[in-house]
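Asks: These are the residues of each chain, in order.
Protein chains: 2
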Amino acid sequence: MGISLAAEIAKYGVLSTSDHTSVASICLFATLLCACIVIGHLLEENRWVNESITALLIGLLTGFIILLTTQWKSSHILVFSEDLFFIYLLPPIIFNAGFQVKKKQFFRNFMTIMLFGAVGTLISFSIISLGAITLLGKINIGLTDIGDYLALGAIFSATDSVCTLQVLNQDETPLLYSLVFGEGVVNDATSVVLFNAIQHFDLVNIDFTIILHFAANFLYLFFTSTVLGVGTGLLSAFVIKNLYFGRHSTDREVSLMMLMAYLSYLLAELFYLSGILTVFFCGIVMSHYTWHNVTESSRITTKHTFAALSFIAEIFIFLYVGMDALDIEKWRFIRDSPGKSVAISSIILGTVMVGRAAFVFPLSFLSNLSKKYDHEKISFNQQITIWWAGLMRGAVSMALAYNQFTTSGHTDIHENAVMITSTITVVLFSTVVFGLLTKPLISYLVPPQQGLKHMSSLCSDSVSPKSFLAALLGNNGHEGEETHGVPQPTSLRMLVTSPTRTVHYYWRKFDDAIMRPMFGGRGFVPFVPGSPTEEPSVHPF
Amino acid sequence: MGISLAAEIAKYGVLSTSDHTSVASICLFATLLCACIVIGHLLEENRWVNESITALLIGLLTGFIILLTTQWKSSHILVFSEDLFFIYLLPPIIFNAGFQVKKKQFFRNFMTIMLFGAVGTLISFSIISLGAITLLGKINIGLTDIGDYLALGAIFSATDSVCTLQVLNQDETPLLYSLVFGEGVVNDATSVVLFNAIQHFDLVNIDFTIILHFAANFLYLFFTSTVLGVGTGLLSAFVIKNLYFGRHSTDREVSLMMLMAYLSYLLAELFYLSGILTVFFCGIVMSHYTWHNVTESSRITTKHTFAALSFIAEIFIFLYVGMDALDIEKWRFIRDSPGKSVAISSIILGTVMVGRAAFVFPLSFLSNLSKKYDHEKISFNQQITIWWAGLMRGAVSMALAYNQFTTSGHTDIHENAVMITSTITVVLFSTVVFGLLTKPLISYLVPPQQGLKHMSSLCSDSVSPKSFLAALLGNNGHEGEETHGVPQPTSLRMLVTSPTRTVHYYWRKFDDAIMRPMFGGRGFVPFVPGSPTEEPSVHPF
Numbered sequence: 001m002g003i004s005l006a007a008e009i010a011k012y013g014v015l016s017t018s019d020h021t022s023v024a025s026i027c028l029f030a031t032l033l034c035a036c037i038v039i040g041h042l043l044e045e046n047r048w049v050n051e052s053i054t055a056l057l058i059g060l061l062t063g064f065i066i067l068l069t070t071q072w073k074s075s076h077i078l079v080f081s082e083d084l085f086f087i088y089l090l091p092p093i094i095f096n097a098g099f100q101v102k103k104k105q106f107f108r109n110f111m112t113i114m115l116f117g118a119v120g121t122l123i124s125f126s127i128i129s130l131g132a133i134t135l136l137g138k139i140n141i142g143l144t145d146i147g148d149y150l151a152l153g154a155i156f157s158a159t160d161s162v163c164t165l166q167v168l169n170q171d172e173t174p175l176l177y178s179l180v181f182g183e184g185v186v187n188d189a190t191s192v193v194l195f196n197a198i199q200h201f202d203l204v205n206i207d208f209t210i211i212l213h214f215a216a217n218f219l220y221l222f223f224t225s226t227v228l229g230v231g232t233g234l235l236s237a238f239v240i241k242n243l244y245f246g247r248h249s250t251d252r253e254v255s256l257m258m259l260m261a262y263l264s265y266l267l268a269e270l271f272y273l274s275g276i277l278t279v280f281f282c283g284i285v286m287s288h289y290t291w292h293n294v295t296e297s298s299r300i301t302t303k304h305t306f307a308a309l310s311f312i313a314e315i316f317i318f319l320y321v322g323m324d325a326l327d328i329e330k331w332r333f334i335r336d337s338p339g340k341s342v343a344i345s346s347i348i349l350g351t352v353m354v355g356r357a358a359f360v361f362p363l364s365f366l367s368n369l370s371k372k373y374d375h376e377k378i379s380f381n382q383q384i385t386i387w388w389a390g391l392m393r394g395a396v397s398m399a400l401a402y403n404q405f406t407t408s409g410h411t412d413i414h415e416n417a418v419m420i421t422s423t424i425t426v427v428l429f430s431t432v433v434f435g436l437l438t439k440p441l442i443s444y445l446v447p448p449q450q451g452l453k454h455m456s457s458l459c460s461d462s463v464s465p466k467s468f469l470a471a472l473l474g475n476n477g478h479e480g481e482e483t484h485g486v487p488q489p490t491s492l493r494m495l496v497t498s499p500t501r502t503v504h505y506y507w508r509k510f511d512d513a514i515m516r517p518m519f520g521g522r523g524f525v526p527f528v529p530g531s532p533t534e535e536p537s538v539h540p541f
Numbered sequence: 001m002g003i004s005l006a007a008e009i010a011k012y013g014v015l016s017t018s019d020h021t022s023v024a025s026i027c028l029f030a031t032l033l034c035a036c037i038v039i040g041h042l043l044e045e046n047r048w049v050n051e052s053i054t055a056l057l058i059g060l061l062t063g064f065i066i067l068l069t070t071q072w073k074s075s076h077i078l079v080f081s082e083d084l085f086f087i088y089l090l091p092p093i094i095f096n097a098g099f100q101v102k103k104k105q106f107f108r109n110f111m112t113i114m115l116f117g118a119v120g121t122l123i124s125f126s127i128i129s130l131g132a133i134t135l136l137g138k139i140n141i142g143l144t145d146i147g148d149y150l151a152l153g154a155i156f157s158a159t160d161s162v163c164t165l166q167v168l169n170q171d172e173t174p175l176l177y178s179l180v181f182g183e184g185v186v187n188d189a190t191s192v193v194l195f196n197a198i199q200h201f202d203l204v205n206i207d208f209t210i211i212l213h214f215a216a217n218f219l220y221l222f223f224t225s226t227v228l229g230v231g232t233g234l235l236s237a238f239v240i241k242n243l244y245f246g247r248h249s250t251d252r253e254v255s256l257m258m259l260m261a262y263l264s265y266l267l268a269e270l271f272y273l274s275g276i277l278t279v280f281f282c283g284i285v286m287s288h289y290t291w292h293n294v295t296e297s298s299r300i301t302t303k304h305t306f307a308a309l310s311f312i313a314e315i316f317i318f319l320y321v322g323m324d325a326l327d328i329e330k331w332r333f334i335r336d337s338p339g340k341s342v343a344i345s346s347i348i349l350g351t352v353m354v355g356r357a358a359f360v361f362p363l364s365f366l367s368n369l370s371k372k373y374d375h376e377k378i379s380f381n382q383q384i385t386i387w388w389a390g391l392m393r394g395a396v397s398m399a400l401a402y403n404q405f406t407t408s409g410h411t412d413i414h415e416n417a418v419m420i421t422s423t424i425t426v427v428l429f430s431t432v433v434f435g436l437l438t439k440p441l442i443s444y445l446v447p448p449q450q451g452l453k454h455m456s457s458l459c460s461d462s463v464s465p466k467s468f469l470a471a472l473l474g475n476n477g478h479e480g481e482e483t484h485g486v487p488q489p490t491s492l493r494m495l496v497t498s499p500t501r502t503v504h505y506y507w508r509k510f511d512d513a514i515m516r517p518m519f520g521g522r523g524f525v526p527f528v529p530g531s532p533t534e535e536p537s538v539h540p541f
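Protein chains in written order, with the UniProt record's numbering: chain S, 1 to 541; chain W, 1 to 541.
To be clear, the hints were calculated from the coordinates, so they are not data collected in a lab. Note that the Cβ used here is the ideal one computed from N, Cα and C, for glycine as well. Wrong hints could be hidden among the right ones.
[As the list claims (entries may be wrong)] To give a feel for the contact side, a few chain W residues facing chain S, derived at Cβ under 7 Å:
1. A30
2. L33
3. C34
4. I39
5. H41
6. D145
7. Y262
8. I312
9. A313
10. W387
11. M518
[To be verified] Here chain W is said to cover these stretches of chain S; the calculated rule only asks that three of the stretch's residues, wherever they fall, bring their Cβ under 8 Å from a Cβ of chain W:
12. 24-32
13. 181-190
14. 304-316
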């Protein structure tokens with residue numbers, strides 16, 4: 001949907017032959033995406049490789065072939081574009097994550113997630129920035145502005161939530177998944193806020209007012225983005241429930257859900273909020289209310305369509321990063337000093353690892369202090385996994401680096417080119433090497449429980465009908481909650497002993513009494529006159 | 001998916017604020033699309049208005065409001081872009097049409113459809129061109145090139161298959177639907193070929209060789225496009241069947257089907273073929289083979305996703321045409337001579353009506369000669385309906401007109417601006433006025449059979465589970481075919497008396513013996529190890 005943008009694009013199409021190369025490059029991409037899907041399917045049982053790494057390697061290979069065929073002149077079949085990434089590829093991924101996330105797990109660990117995502121990212125940012133100033137300052141890399149060093153901190157404190165989603169399994173390691181992924185979402189928002197702050201605030205005369213201003217800015221952004229996402233989600237639920245959409249057409253329901261999800265992201269961007277947070281919460285609300293108000297067919301359709309779109313976008317990003325990495329023009333600049341480039345990349349990787357360790361272990365300790373039961377605490381092995389799973393850097397880092405180190409569309413300045421190539425090196429290395437080691441590491445450190453393992457082997461596909469049913473029961477199964485052994489003491493005592501649970505208890509009461517009668521949801525599906533309604537509990541799909 | 005294109009687009013996104021208007025315009029469009037869907041739903045029972053007209057009117061209204069707010073300076077929130085239309089909006093619509101078309105009806109009337117689509121479009125083209133040369137020549141409109149007049153013929157012989165889809169009902173009037181829609185698809189291809197021929201052939205020294213060359217060109221295009229579409233469809237069926245995709249993930253199946261469908265269109269464009277024909281036949285093959293090889297969930301998902309995407313694209317086009325129509329710059333040129341503009345539009349509309357009448361009635365007569373049974377013949381009322389339903393002109397005409405009458409992105413030349421505004425007038429008038437009258441006209445001329453009417457009132461939604469089941473049985477129910485009273489005579493006699501049926505009979509034998517065992521299809525669903533397979537015949541959805 002390029003709209004007014006599309007008009008600026010050079011004309012081609014069926015009729016004119018002017019920009020035939022554009023069709024060719026879209027064509028190439030579609031073919032490569034198909035190849036990645038088929039290869040990913042064939043490698044499914046492999047314990048080392050996952051789809052991201054396949055896509056990244058295929059991207060690198062294709063870039064190399066293009067380089068060869070153009071005789072080392074250019075692999076410029078495409079240039080990394082922030083728009084493409086932020087406007088078209090990221091929203092479906094994050095929305096789907098919100099739509100499919102196990103809400104109970106997410107909200108139960110909400111405080112820990114916020115601690116990791118906001119405070120942790122700040123710690124990580126400080127350490128990477130300090131490390132960059134100290135260590136990179138010793139090598140003469142040509143960066144003079146303090147803002148550039150701080151930007152490096154923001155760029156490399158953005159973890160790759162896309163890669164995390166592929167590496168961890170929601171069914172096998174629910175706690176880890178919700179912590180690492182939830183952290184990733186909040187982390188995205190935090191690093192973008194940090195990055196914006198660095199670009200707009202006066203960094204030379206830093207004082208308490210600026211820090212306060214910055215904190216207020218973050219809280220404002222977090223709050224308004226969430227409200228916007230929740231609001232859009234509730235609006236979609238309200239409209240679909242009260243106008244009986246299912247009566248006439250399932251297509252309208254599906255279309256409306258897609259459009260409103262995308263609209264929430266666009267609105268956030270329009271008001272300079274965090275689209276990532278907005279669309280994530282919109283996904284959560286839509287799966288809690290809207291999804292239950294639509295017909296059976298629409299439920300299956302939306303569930304799988306969102307997953308498939310997100311899947312395509314993920315592969316696309318890795319393919320894209322892989323192909324872009326071989327852009328010869330950027331590498332030309334560092335030809336004279338390869339050693340320096342390796343040094344910079346290693347320093348950055350080192351600070352990233354130290355920066356992440358510096359918050360995962362202390363904050364896990366803090367979080368464990370507030371938990372009463374052992375099974376709720378984050379074990380040391382789990383802490384190592386959290387630390388490791390967040391080391392990968394991906395497309396968000398790339399996009400931020402391009403934004404900071406590109407002057408009017410070019411990376412011609414020597415020091416900028418060096419920073420871009422270093423970013424690419426870090427992204428490639430962390431995704432491929434750390435990514436390859438993650439699956440074996442997790443299965444070594446955190447062996448999944450037998451029962452869960454059995455279930456997940458029954459439905460190795462996370463959206464197969466069986467796990468779909470399981471997700472249904474797991475996500476919204478309020479009835480099943482009592483089995484976790486929470487007694488029903490007086491509310492004041494509850495609030496002291498387990499605040500999160502108490503909040504959850506009152507939320508459920510509020511949800512059942514006010515929200516669900518108004519916005520629909522499980523058990524509050526409206527009667528659709530004239531449509532072939534089925535008992536949702538009998539035919540869950 | 002803009003890829004290399006996207007790089008050329010002015011930068012915006014979360015971080016920079018440079019091109020915030022682009023986000024705003026995408027946002028506006030998403031909002032309007034939602035509004036159209038909700039209003040279309042509310043007006044569902046209205047017998048006059050349909051979704052296209054709603055979208056067109058909302059588009060006009062929005063354009064008007066923008067004009068007002070910018071103080072009559074510009075409604076330039078977007079410019080009609082051929083790329084957007086041909087690369088992103090048209091493929092899902094045509095693919096979905098092929099995917100959901102009742103194949104038996106389509107192939108039974110194949111000869112009539114080809115007659116209408118190819119020969120009919122040529123007749124229509126000749127009459128409109130002649131009419132333009134004779135009548136428009138009398139008014140001094142400034143067109144001197146014979147090519148411009150012939151281009152007008154090609155532009156206005158392209159019917160609007162999108163609008164047809166919304167007006168006719170596949171369940172109520174299956175014969176009419178397959179004739180008018182099938183004609184529309186072939187017509188699209190023919191008029192694009194004609195248009196290309198006019199732009200590239202030497203039209204001054206026209207002789208028999210050129211006509212022969214032209215005919216060969218058309219046949220080549222038709223044949224290769226069909227082969228490409230069928231080939232891509234079969235490849236997807238083969239891959240999904242033989243690699244047991246359903247074993248691991250339904251998302252991969254859905255993604256692969258989407259990508260390969262789009263790939264077929266892109267490949268056709270890449271090789272300068274007719275993408276419309278290719279993607280249409282790809283849709284037919286995918287629904288006949290691939291669709292049966294995937295899991296239950298994937299079947300429901302693809303069915304509804306393709307329908308929803310097509311639905312969104314359709315509304316988008318009408319909204320777009322409506323908003324673009326009020327672009328003040330184009331209308332400025334005709335301010336001094338409004339009478340002339342009205343005259344041109346009326347002449348074009350007149351020739352369009354005559355041109356269509358000139359082939360619908362004679363060709364229906366010809367087609368009726370070859371039919372033995374009365375119920376197979378096209379009645380006079382049906383002929384009038386076919387004539388009427390094809391009078392609407394839509395986005396294809398707009399796109400072709402912009403291509404012909406736009407010089408380097410501008411419509412500044414007076415005569416070009418006049419032709420563009422005339423095209424807009426014809427498109428708006430035919431869509432709104434003819435469109436509004438079509439529903440009542442059809443229900444007056446061709447009252448649907450009682451049984452069918454009853455069925456369709458049960459499932460007014462054309463993709464509700466019930467009609468989905470009906471479509472399944474109707475589409476692929478080879479068993480039910482014998483009830484139409486075809487005896488099994490010797491093959492030679494059959495070939496003489498009813499050639500289409502004979503072809504169908506041998507096709508079925510070939511399909512059952514060779515194609516379906518290789519590519520899957522109903523009754524040949526592969527056993528998927530480890531997946532929850534259900535009996536497809538018991539649970540058709």
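Asks: Confirm or reject each hint.
Replies: These are the hints, each one checked on the structure:
1. Residue-level restraint check for W:A30 holds (minimum Cβ-Cβ distance to chain S is 4 Å; threshold 7 Å).
2. Checking W:L33 against chain S: minimum C-beta separation of about 5 Å stays under 7 Å; hint holds.
3. Among the interface hints, the one on W:C34 holds; its C-beta lies about 5 Å from the nearest C-beta in chain S, closer than the 7 Å criterion.
4. For W:I39, the shortest C-beta to C-beta distance to chain S is roughly 11 Å, which exceeds 7 Å, and the interface hint is violated.
5. With a least beta-carbon distance of about 6 Å to chain S, the hint placing W:H41 at the interface is held under the 7 Å criterion.
6. Interface hint at W:D145: violated, since its Cβ lies 17 Å from the closest Cβ of chain S, which is beyond the 7 Å cut-off.
7. A least Cβ separation of about 6 Å between W:Y262 and chain S falls short of the 7 Å threshold, and the interface hint therefore holds.
8. Evaluation of the W:I312 hint against chain S yields a held restraint, the C-beta minimum of about 5 Å falling below 7 Å.
9. Taken as an interface hint, W:A313 does not check out: its beta carbon lies about 10 Å from the nearest beta carbon of chain S, beyond 7 Å.
10. Because the smallest distance between the Cβ of W:W387 and any Cβ of chain S comes to about 27 Å, over 7 Å, the interface hint for this residue is violated.
11. Hint on W:M518 is violated. Least Cβ distance to chain S is approximately 18 Å, over the 7 Å limit.
12. With 7 residues bearing a CB less than 8 Å from a CB of chain W, the region 24-32 of chain S meets the requirement of three and the coverage assertion stands.
13. Check result for the region 181-190 of chain S against chain W: violated, 0 residues qualifying (beta carbon to beta carbon below 8 Å, three or more required).
14. Using a Cβ-Cβ cut-off of 8 Å, 7 residues of the region 304-316 of chain S lie near chain W, which meets the minimum of three, so the contact claim holds.
Violated hints for the displayed structure, listed by number in ascending order: 4, 6, 9, 10, 11 and 13.
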